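> Residue numbers (our numbering), protein chains in the order written: chain A, 1 to 394; chain B, 395 to 574; chain C, 575 to 733.
Listed next, with one range per pair, are the computed distances between beta-carbon atoms:
{"hint": "1", "chain 1": "A", "residue 1": "Glu-176", "chain 2": "B", "residue 2": "Gly-446", "range": "35 to 43 angstroms"}
{"hint": "2", "chain 1": "A", "residue 1": "Ala-343", "chain 2": "B", "residue 2": "Gly-446", "range": "24 to 32 angstroms"}
{"hint": "3", "chain 1": "A", "residue 1": "Glu-166", "chain 2": "B", "residue 2": "Glu-443", "range": "31 to 39 angstroms"}
{"hint": "4", "chain 1": "B", "residue 1": "Trp-409", "chain 2": "A", "residue 2": "Asp-159", "range": "47 to 55 angstroms"}
{"hint": "5", "chain 1": "C", "residue 1": "Ser-593", "chain 2": "A", "residue 2": "Ser-203", "range": "33 to 41 angstroms"}
{"hint": "6", "chain 1": "C", "residue 1": "Thr-608", "chain 2": "A", "residue 2": "Ser-284", "range": "40 to 48 angstroms"}
{"hint": "7", "chain 1": "A", "residue 1": "Glu-176", "chain 2": "C", "residue 2": "Thr-636", "range": "53 to 61 angstroms"}
{"hint": "8", "chain 1": "C", "residue 1": "Ser-585", "chain 2": "A", "residue 2": "Glu-237", "range": "28 to 36 angstroms"}
No lab work stands behind these hints: they were computed from the structure.
Nothing here was measured: the structure is a model prediction, and the numbers come from that model.
We put the CB at the ideal spot given by N, CA and C, even for glycine.
For reference, the chains in residue letters:
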Amino acid sequence: MAEVMVPIGPQHPALKEPVNFRIYVEGEKIVRLELDLSYNHRGIEKAAEERNFIRVLPLLERVCGICSHSHATAFVKGIEEIMGLEVPARGQYIRTIIAELERMHSHLLWLGVAAHEIGFNTLLMWTWRDREAVLDTLEEMSGNRVHYNMNEIGGVRLDLSEKQVEAAQQRLPVLEERIAQYVDMVSHQETMLLRFRGVGKLSKEEILKYGTVGPTARASGVDYDVRRDDPYLVYDEVPWNVVTDSSGDVYGRTKVRIGELSESLKIVRHCIENLPGGPIRVTSAPKAAPKGEILSRYEAPRGELAHFIRTNGTDKADRLDIRTPTLANWTSVAKALVNQNLADIPVIVAAIDPCLSCTSRMTVIDTGTMAQGSISWEELVRKCRARYGTEVQP
Amino acid sequence: MTGDPQSLSQRLATWARVKSPWVTVFNSGACNACDIEIIACLMPRFDVERFGILAKGSPRHADILIVTGAVTRKQASRLLRVWEQIPEPKYVIACGACGAGGGVFQGLYHVVGDVGTVIPVDMYVAGCPPRPDEIINAVVACLNLMKEDLAQGGKEWRRKAGDTDRKETTPGTVAKDVRV
Amino acid sequence: MTAQLTMEQVSGALKEYGSAEQVRKNRIRVSTDTQKILSAIKAAQQFLDCDHLILISCTDDTGSFGLTYHLTGPHRTVISLAVAVPRESPQVFSVSDILPPAAIYERQIHDLFGIVFSGHPGLSKLMLNEDWPDGEYPLRKDWKPNKANSYGGAAQGGT
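Take these sequences, add in the hints, and give me the full structure.
Following this line, the structure appears as structure tokens:
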């Protein structure tokens, strides 16, 4: 049976970001696919070399609107290390609070999108409503719902007042209750079990081979989390656990993300309750950084984010190389899709939580071994009719 | 629009169009922030559907195109194509600072410019990203504009005398001359 | 998660490829040359249990390009293998067959810096748009947009 190519995107209803799939199917089964990703490539790495550290931070937040704090923090913590700055404890705690709130909003967003892809819109509405509580907290703390712009070289921009801390503390029990409900729901909800279990399976060996990161890797039993392995901010002072699962399918990824929601909540609560006093940033951060280079790693909601920064003694970076988690995960998606049903594409792709604004790169992956054949429309119609016994004799 | 704006069929069309506009979202190179805020509009907190506004996947079903972000070189031709597929009368809302003027991405090597350099824009929403209530406000304002346009018989009345800086767009010719 | 690698372990396993230096806690850098990079990565995989490639970073050092392969494993120590690629003939062996995730990073570097990875299965255009002119690599330090060239964003062409 000949392969049929199904093009999807770049403008498509499933995800709100531009991506183009050329999917080769045989019947309902996917044989292989090609991805075209770089619709959002803007040239931020070049611009980062031309702007000084103060101007580059707002730009880096806008690498991606969902993990904006991740990119900015990965950059400032690298630059601070080159400068040899010691950020005050209160500043580090506030950064951690924002980072974990961001992870919660991102995972709630993901849970809703994944539910939407399987036609479970009730859960989409629920999670996005609960996400508003997280966004309200972030807005109170930073002044913006999406781009918080909290980071500065040497600390954070805004302090938390008593009132803000109280308001956040009041929201946490509500969120905790909702998250407990999701934990309960994922264990027995029929729709989720039917559509998530056994779909898009990746073994531990495959995860390691294709360099997958983040919740996708942890769902296959790869115990890998930068927050613990290469501690930054205050993750070595706060009690929390790395969530892993052994199933390796979309169901496992859902469980890991829901588990991380409660862990993040725990971290936020601990940081808010134990917020140290003192200044939030160093008094006079230098404008220029000495010569040096550093690999700054950060656990973004989607997985390990790496910023390679080189400075040359001026107030501008000599080179900034960003490797986003989604780029690392694409190879495994292409692998996970082979032999799956065409209808499962949205949920498998969504399961890595792709962030294309971050990635904006293009790749063509050939995971199948079958040669591609083209087929004319007439031939396709004829074959379909022959297959289903409706051949019309001329 | 042709025909007498006061005729029954025209009034019926105006009524139907303004009561239930269908919206399609196009990411022309944004950072996702505007996109998630647009989706947040559809959710229980803001619930844009109570105004009859419905998000649609296909541009062929849409009345209003919301474009987010500065236009990248790769997306320019796609944006134009999506815009061409929307049936007349079509309205374009450029969402956020990048859509309006390039934002922080203005002048980057892989960015063509703001949305207005590729397709004609009817409304700009400020903010980075605009809050969902601002986006809803923009869509509702766009509906009033639509009503006014239908009453006036087209978009021509909005053009000020001597306003030549934004040329009328002819499909296929707009972004061709864009250079670095 | 196993114990972190020590300097002695790394310099012992990779001594024939270059000298190792402890850059900071948990980061060990080994400078080698382009001819030895394939075997150095193989040695890191075999003797140091490195199973994860974090990224391949590329820098423009005027006279040459600096490629750094950042590897890690269950020991969570980052081992950076650095090579310098001459600017006149920017060519280096592809490591995509021993490290599959490297394929994407190599194509990205090829696109933005113009380094050729010999042995790469498909080194075609990756990040830039379809009508970006050949031979222009935007992340090179000396790259300036040429007024005479069109860099795409054209309405026609493309899908």
